[in-house]
Amino acid sequence: MPETPAAPAARPSPSAPAPLSAEDGKLVVLARGARGRIGAVEGAAVRDQDGRTYAAASVSLPSLTLTALQLAVASAVAAGASRLEAAVVVTEASTLDGAGCAAVRDLTADAPIHLAAPDGAVLGTVTQ
195 MPETPAAPAA
205 RPSPSAPAPL
215 SAEDGKLVVL
225 ARGARGRIGA
235 VEGAAVRDQD
245 GRTYAAASVS
255 LPSLTLTALQ
265 LAVASAVAAG
275 ASRLEAAVVV
285 TEASTLDGAG
295 CAAVRDLTAD
305 APIHLAAPDG
315 AVLGTVTQ
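The sequence shown begins at 195 in the working numbering and counts up by one.
Treat the hints with care, as some may be off.
[Claimed, not checked] Straight line, CA to CA, 20 angstroms or less: simulated SDA-like cross-link-like pairs of lysine to any residue: (1) Lys220 with Pro256; (2) Lys220 with Arg231; (3) Lys220 with Leu317; (4) Lys220 with Ala293; (5) Lys220 with Ala315; (6) Lys220 with Gly230; (7) Lys220 with Gly245; (8) Lys220 with Gly292; (9) Lys220 with Ala305; (10) Lys220 with Gln243; (11) Lys220 with Thr321; (12) Lys220 with Ala275; (13) Lys220 with Asp244; (14) Lys220 with Arg246; (15) Lys220 with Pro312; (16) Lys220 with Ser269; (17) Lys220 with Gly318; (18) Lys220 with Gly314; (19) Lys220 with Thr247; (20) Lys220 with Val316.
[Unchecked claim] Beta-carbon label-pair distances, calculated as ranges: (21) Asp304 with Gly233: 30 to 36 angstroms; (22) Ala315 with Ala273: 14 to 20 angstroms; (23) Ser257 with Lys220: 30 to 36 angstroms.
Treat the hints as calculated values from the structure; they're not laboratory data. Beta carbons: idealized from backbone N, C-alpha and C, even for Gly.
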């Protein structure tokens, strides 16, 4: 069985916030909703190449831990997505997790990943 590479440890720091399109604004709303529904540490949402959206909250179980962004990307891939147009993470943290960013980059090298505060204010954007 092939070995799975270790999750990246780097926590990308977002640059100044990029202006959000109306579609990216919807991702913020979806990510906030996913986080708020269960009181999760973070919520995330992604939009695929067909405009479909996927929202998720972080999961922390004894046998499984996923960031919200990892789960949103996994949901998109499971539904047939091959490319992402944009992603949003809503969290109280000031940086994005490396594993979630890597999951987005597995599908698309240049999709913006917006970091937003729990109130929906966009704090920054990672584009690489």
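Outcome of the hint check:
no.	hint	result
1	Lys220 with Pro256	violated, 32 angstroms
2	Lys220 with Arg231	holds, 17 angstroms
3	Lys220 with Leu317	holds, 16 angstroms
4	Lys220 with Ala293	violated, 23 angstroms
5	Lys220 with Ala315	holds, 13 angstroms
6	Lys220 with Gly230	holds, 15 angstroms
7	Lys220 with Gly245	holds, 11 angstroms
8	Lys220 with Gly292	violated, 24 angstroms
9	Lys220 with Ala305	holds, 16 angstroms
10	Lys220 with Gln243	holds, 16 angstroms
11	Lys220 with Thr321	holds, 19 angstroms
12	Lys220 with Ala275	holds, 19 angstroms
13	Lys220 with Asp244	holds, 15 angstroms
14	Lys220 with Arg246	holds, 11 angstroms
15	Lys220 with Pro312	holds, 14 angstroms
16	Lys220 with Ser269	holds, 18 angstroms
17	Lys220 with Gly318	holds, 16 angstroms
18	Lys220 with Gly314	holds, 11 angstroms
19	Lys220 with Thr247	holds, 9 angstroms
20	Lys220 with Val316	holds, 12 angstroms
21	Asp304 with Gly233: 30 to 36 angstroms	holds, 33 angstroms
22	Ala315 with Ala273: 14 to 20 angstroms	violated, 29 angstroms
23	Ser257 with Lys220: 30 to 36 angstroms	holds, 33 angstroms
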